[in-house]
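**Q** The residues making up each chain are set out below.
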Amino acid sequence: MDSSKLLGITTFIYLFSSLIYMIMFIFKVKKIGLLATVVTIIGFLINTAGIGMRWLESYQMGPGMGHAPLSNMYESLVFFAWSIIILYLVVEFIYKNKIIGAFAVPFAFASMAYASLSPEFSTAITPLVPALQSNWLIAHVFTCFIGYAAFAVACGTGIMYLVKSRDKGDSPDSLLSTLPSLKVIDDITHKVILFGFIWLSGGIISGAVWANSAWGTYWSWDPKETWSLITWFIYASALHARFTRGWGGKRIAWISIIGFLAVVFTYYGVNFLLSGLHSYG
Amino acid sequence: MLHAVALLYRIESNILKGVFEGFFVWRNMKKKKNRLWEFFSSTKLALFCFFTLAIASIAGTIIPQSKDPGFYIGKYGETTAEMFRLLNIPDMYNSWWFIGILGLFSINLIICSIDRLPTVWKLVTMDNLATKVNRLEKMTPRIRFGTKQPQQEVVSQVEQTLKGAGWKPSQGEREGGTLFFAQKTPWVRFGVYIVHLSILVIFAGAIIGTLFGSKGSIMLREKAQVPFFYEFGSSERVPLGFDLRCDNFSLTYYDTGSPKEFRSELTVLENGQEVLQKSIVVNDPLNYKGYTFYQSSYQAYDEFWLTIQNQNTGARKTLLARPGVELKWREAGISVGIVNVQQPDRWGRYRLKIWFSDGKGEPSVFWVDGETVVSVERLDAPYDFKSEQLFATGLQVAKDPGVWPVYIGCIMMLLGLVVAFFLSHKRLWVYIYEEEDKTKILVAGSSNKNKVGFENMFNTLVEKLEDNETLQLSKE
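The listed protein sequences correspond, in order, to chains A and B. Residue 1 is where the first sequence starts when you use my numbering, and the numbers rise one by one after that. Residue 1 is where the second sequence starts when you use my numbering, and the numbers rise one by one after that.
To be clear, the hints were calculated from the coordinates, so they are not data collected in a lab. Backbone N, C-alpha and C define an ideal beta-carbon position, used for all residues, glycine too. Be aware that one or more of the hints could be misleading.
Anything over 12 Å on all C-beta distances counts as not near chain A; from chain B, calculated [claimed, not checked]:
#1 S42
#2 I62
#3 S66
#4 D284
A few chain A residues that face chain B, going by a derived Cβ cut-off under 8 Å, partial list only [claimed, not checked]:
#5 L34
#6 T126
#7 P127
#8 I230
Straight-line distance between alpha carbons at most 27 Å, and here's what the computed DSS-like set of lysine-lysine pairs gives [what the hints assert, rightly or not]:
#9 B:K148 to B:K260
#10 A:K183 to B:K449
#11 B:K440 to B:K132
#12 B:K44 to A:K250
#13 B:K184 to A:K250
#14 B:K440 to A:K224
#15 A:K224 to B:K184
#16 A:K224 to B:K260
#17 A:K98 to B:K386
#18 A:K191 to B:K451
#19 A:K183 to B:K440
#20 A:K5 to A:K28
#21 A:K183 to B:K386
#22 B:K223 to B:K386
#23 A:K96 to B:K44
#24 A:K191 to B:K44
#25 A:K191 to B:K184
#26 B:K184 to A:K164
#27 B:K399 to A:K224
#28 A:K250 to B:K132
#29 B:K215 to A:K183
#30 A:K5 to A:K96
#31 B:K260 to A:K96
#32 A:K191 to A:K96
#33 A:K224 to B:K449
#34 B:K399 to A:K191
#35 A:K164 to A:K183
#36 A:K98 to B:K449
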């Protein structure tokens, strides 16, 4: 069993798990909730094994080749999926609500599917270029992606909020009655954004420290840096609007969606549309 | 860490109190005087700064920065390029208006903190034993018990229970009863101001770096040494105050042909004396006297170091050879030259065809494979040949005394964010009084964040009181 097989299986399990969560939501089959969680956990374990296996494989390729599988777009998409799932599972555990899965797990599936199916990315393990040969690699990628994953989950709950808020009637048969109350969704979105904001800050800071130790400049207004700062501004605005002006509900839900679009652009768009120092993923 | 912070805050509190009270008076004067104060302390201004900085930054990533004037004319037309020039768009992040917005943002941070800190300071240092009983009656969570036990006994039992549960109560007499108050981590209310301050510290570091730092580059050929570097922007020579020499540069490749390592062997010299040697790679620079030298690029030359060694006498000589030029090692009466070069492939492998004569018999002509040693038999003695391509190493030079303030600001920001988002100021009151021949206990609490977590904590304490057999409480 090699890593690419494991990661291929992961993609399908995340698809399967997304479907179960959606069926649970749309057809209100509460009974399959446990199945959904179990399948997701299995997918997560296989995802973890796939990442670990790829790590090992890089060491087996020869001396000097070994490195954490966080060095290109393909590997980062796989790690992005991993981060989303672990974060989602924690949210599910804390809030004891499985419907959120229908809005969060599809992000992980999309990331895996894009990584495996898109012809743009090579799945081959390539050795680290000199710029990436640093202990900061793991710290930087880890902090950034935990942040990104939190914002993905917040985007999911933001969408959930907007869907639910269209529900005018209080009929118990309504499709949306299985969703948590608006107040709870709003609270989850807010808490997940707080969490993501700390990790995004940590990601920007670890990147700055790394840049300083590799190039002698902690900040050079490179497009990647600049876009991460733009993302930071968006979420900082959301937090200030909430803390001092009492923003909540639909507005925060929209910001969680706009913020996530900025995350996607920072992560993905910058590499393909703008040129800069950060060409590895 | 948190204990240290708490301790520090206690020590400093008296000094700070005076300072803050001074501030208070000053602020009130200001407040009355003008609306400017209100404007500069508003969240609206903060949101405006976030918004404009974000929009400007987006523009800065779309419009290429730091290009020649001709580039902008070619790409955007004469009129637009002129407008860009007036607005400093080609160097937007250093333009007067971008720095201006950052300045406005800093003023906003300072004024808003000065504006709000006194209120927070009061909340943190206030005498909570002075809290009115009717305010306790409105708090959530809140619970009331009654017991037949005498008040004195209840007071001592409650105090013990509070202490046992990790609270450190203070005690006071209030409206005929006894009031206990205990709180946890009141200083977390400063968390958000630590974050604000951290941004100012980072800005201060950036300003220090701009004023007292300098950045530039050096292109240094192997075996050469320089006492200066070229500054970015001005392209002026900046003296280092010492000499820097490159002893060797090496470039290695992976089997795939992608570069594996750029390595420079550097030596620092003071007055001709070697004082420090270090081999640097991309993520591992050399530090000396406030300057840091980073491996950033290289240049390969069509020239080669040839090392010739007489195997019998051990005498050796290294010459720098250019293809087609004859070189002499006079002491040994030797002439040598490169007559042909097979250029490096993607793994950096090259071949040299060498012409070699020691003046005795026919000259030797042979191929040398890259850096491998080749032996050549001559009438007098066998000779060893070794070649190495000539490189120049490209170094980035930085002296930035503002880096440490920036790092301290970053750490403050992360700690401040954790405190501001996830720690809460928890307050607990227990009021014990007599009513209708019974002793009543009113327990009330409040927390500025994480109400659910606080309620759990509150309930644990309440259970402890209920479990106390001496108290014999009944809920009311």
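**Q** All hints, please: hold or fail.
**A** Here's how the hints hold up against the structure:
no.: 1; hint: S42; in the structure: violated, 9 Å
no.: 2; hint: I62; in the structure: violated, 8 Å
no.: 3; hint: S66; in the structure: violated, 10 Å
no.: 4; hint: D284; in the structure: violated, 8 Å
no.: 5; hint: L34; in the structure: violated, 25 Å
no.: 6; hint: T126; in the structure: holds, 7 Å
no.: 7; hint: P127; in the structure: holds, 5 Å
no.: 8; hint: I230; in the structure: holds, 5 Å
no.: 9; hint: B:K148 to B:K260; in the structure: violated, 82 Å
no.: 10; hint: A:K183 to B:K449; in the structure: holds, 16 Å
no.: 11; hint: B:K440 to B:K132; in the structure: holds, 16 Å
no.: 12; hint: B:K44 to A:K250; in the structure: holds, 20 Å
no.: 13; hint: B:K184 to A:K250; in the structure: violated, 34 Å
no.: 14; hint: B:K440 to A:K224; in the structure: violated, 63 Å
no.: 15; hint: A:K224 to B:K184; in the structure: violated, 41 Å
no.: 16; hint: A:K224 to B:K260; in the structure: holds, 24 Å
no.: 17; hint: A:K98 to B:K386; in the structure: violated, 70 Å
no.: 18; hint: A:K191 to B:K451; in the structure: holds, 13 Å
no.: 19; hint: A:K183 to B:K440; in the structure: violated, 36 Å
no.: 20; hint: A:K5 to A:K28; in the structure: violated, 34 Å
no.: 21; hint: A:K183 to B:K386; in the structure: violated, 77 Å
no.: 22; hint: B:K223 to B:K386; in the structure: holds, 17 Å
no.: 23; hint: A:K96 to B:K44; in the structure: violated, 37 Å
no.: 24; hint: A:K191 to B:K44; in the structure: holds, 23 Å
no.: 25; hint: A:K191 to B:K184; in the structure: holds, 22 Å
no.: 26; hint: B:K184 to A:K164; in the structure: violated, 38 Å
no.: 27; hint: B:K399 to A:K224; in the structure: holds, 24 Å
no.: 28; hint: A:K250 to B:K132; in the structure: violated, 38 Å
no.: 29; hint: B:K215 to A:K183; in the structure: violated, 52 Å
no.: 30; hint: A:K5 to A:K96; in the structure: violated, 32 Å
no.: 31; hint: B:K260 to A:K96; in the structure: violated, 49 Å
no.: 32; hint: A:K191 to A:K96; in the structure: holds, 15 Å
no.: 33; hint: A:K224 to B:K449; in the structure: violated, 34 Å
no.: 34; hint: B:K399 to A:K191; in the structure: violated, 41 Å
no.: 35; hint: A:K164 to A:K183; in the structure: holds, 11 Å
no.: 36; hint: A:K98 to B:K449; in the structure: holds, 25 Å
In the structure shown, a violation is registered for the earlier hints numbered 1, 2, 3, 4, 5, 9, 13, 14, 15, 17, 19, 20, 21, 23, 26, 28, 29, 30, 31, 33 and 34, in ascending order.
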